[in-house]
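Engineer: Here is what each chain is made of, one letter per residue.
2 protein chains.
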Amino acid sequence: MLNIRSAQCRDRDAIWTLFHDVVSDGTTYAYPSDIEKAEGLRLWMDDPRACYVAEREGAIVGTYYLKDNQPGRGAHVCNAGYMVRADARGQGIGQALCEHSLKAARRLGYEAMQYNLVVATNEAAVHLWKKMGFDIVGTLPEVFDHAEKGLVDAHVMYRRL
Amino acid sequence: MLNIRSAQCRDRDAIWTLFHDVVSDGTTYAYPSDIEKAEGLRLWMDDPRACYVAEREGAIVGTYYLKDNQPGRGAHVCNAGYMVRADARGQGIGQALCEHSLKAARRLGYEAMQYNLVVATNEAAVHLWKKMGFDIVGTLPEVFDHAEKGLVDAHVMYRRL
Chain A
0 MLNIRSAQCR
10 DRDAIWTLFH
20 DVVSDGTTYA
30 YPSDIEKAEG
40 LRLWMDDPRA
50 CYVAEREGAI
60 VGTYYLKDNQ
70 PGRGAHVCNA
80 GYMVRADARG
90 QGIGQALCEH
100 SLKAARRLGY
110 EAMQYNLVVA
120 TNEAAVHLWK
130 KMGFDIVGTL
140 PEVFDHAEKG
150 LVDAHVMYRR
160 L
Chain F
0 MLNIRSAQCR
10 DRDAIWTLFH
20 DVVSDGTTYA
30 YPSDIEKAEG
40 LRLWMDDPRA
50 CYVAEREGAI
60 VGTYYLKDNQ
70 PGRGAHVCNA
80 GYMVRADARG
90 QGIGQALCEH
100 SLKAARRLGY
110 EAMQYNLVVA
120 TNEAAVHLWK
130 KMGFDIVGTL
140 PEVFDHAEKG
150 LVDAHVMYRR
160 L
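Same order as they appear, the protein sequences are chains A and F.
Residue numbering for the first sequence follows numbering that gives the first Met the number 0, beginning at 0 and increasing consecutively.
Residue numbering for the second sequence follows numbering that gives the first Met the number 0, beginning at 0 and increasing consecutively.
If you are wondering where the hints come from, they were derived from the structure by calculation, not from laboratory data.
Just so you know, these numbers come straight off a predicted model, no measurement behind them.
Quick reminder that beta carbons are idealized off the backbone N, C-alpha and C, glycines included.
It cannot be assumed that every hint is accurate.
No more than 27 angstroms apart at the CA atoms, straight line, and that leaves these computed lysine-lysine pairs for DSSO-like [unchecked claim]: (1) A:LYS148 x F:LYS66; (2) F:LYS66 x F:LYS130; (3) F:LYS66 x A:LYS36.
Anything over 12 angstroms on all C-beta distances counts as not near chain A; from chain F, calculated [said to hold, decoys possible]: (4) MET0; (5) PRO31; (6) ALA95; (7) LYS129.
Just chain A, same shape as in the assembly (with noise of 0.2 angstroms):
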């Protein structure tokens, strides 16, 4: 049984923990592979708008946070990150985050939501974003230094709410 729940302090090891996970495998998201706790808590946990966490069982397995994607004249619409533990994907847990926030949006007052670097190699989040109502609206060429494959195209996606 999934829960998803508001971050609270009490989960700043756990994210930490996943977050530097998912950032070391120098994959999916452009953070620095060597970017320290405080930093990375404060862009994905204390700046943004709010923050998630899916928990399983009494341990944290995803979490998403939700932010403004520009200031001021763009601040309708917002931007979005995810991230699954590595020994729990393919469950559906970051379809169930992007369902949660896709509401969480909506009740902000959001009239959009968009992702700035989808990393073009990483088909199942291309995959999962297109069946949840995004559209790739651009691709921007070799802008993401990917740990294996070098520099890869990452797309720009979008959708209303």
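Got chain A; can you put chain F on it based on the hints?
Structural biologist: Only chain F this time, still in chain A's reference frame:
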């Protein structure tokens, strides 16, 4: 005679006046219209990797910043923003700033430049960036809340360096 040089502390008031005028106009940049001086200068002048001004007869008539568009694995692509004083537009200053920024970006080792939010109704800018070698990679529907026209589209534009 136009002189483009690194912004100095003594330029802060002039940059703020220019920044504030452009932002208050509400037709080209997403910064909140009521942004305060310290925050505006932090975003435009202090946080970016470089900030330049265009000086003519002792007055600041334009400015631009240059920064990483993404951290870490996306930090080989830069982002830039440009502003020209209202009474100095249509005189090639925007183009001079852009040409200067392309050289400065190459010198800093960037491999590409990306604009994330080129307001589609700002036809002079779209035309100039195309002339400067940028492609429209995609168009985001109604992501900019234009002060006069309401929600309008914005382009993501990109060129290699």
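Engineer: Mind listing which of the numbered hints don't hold for this structure, in increasing order?
Structural biologist: 5
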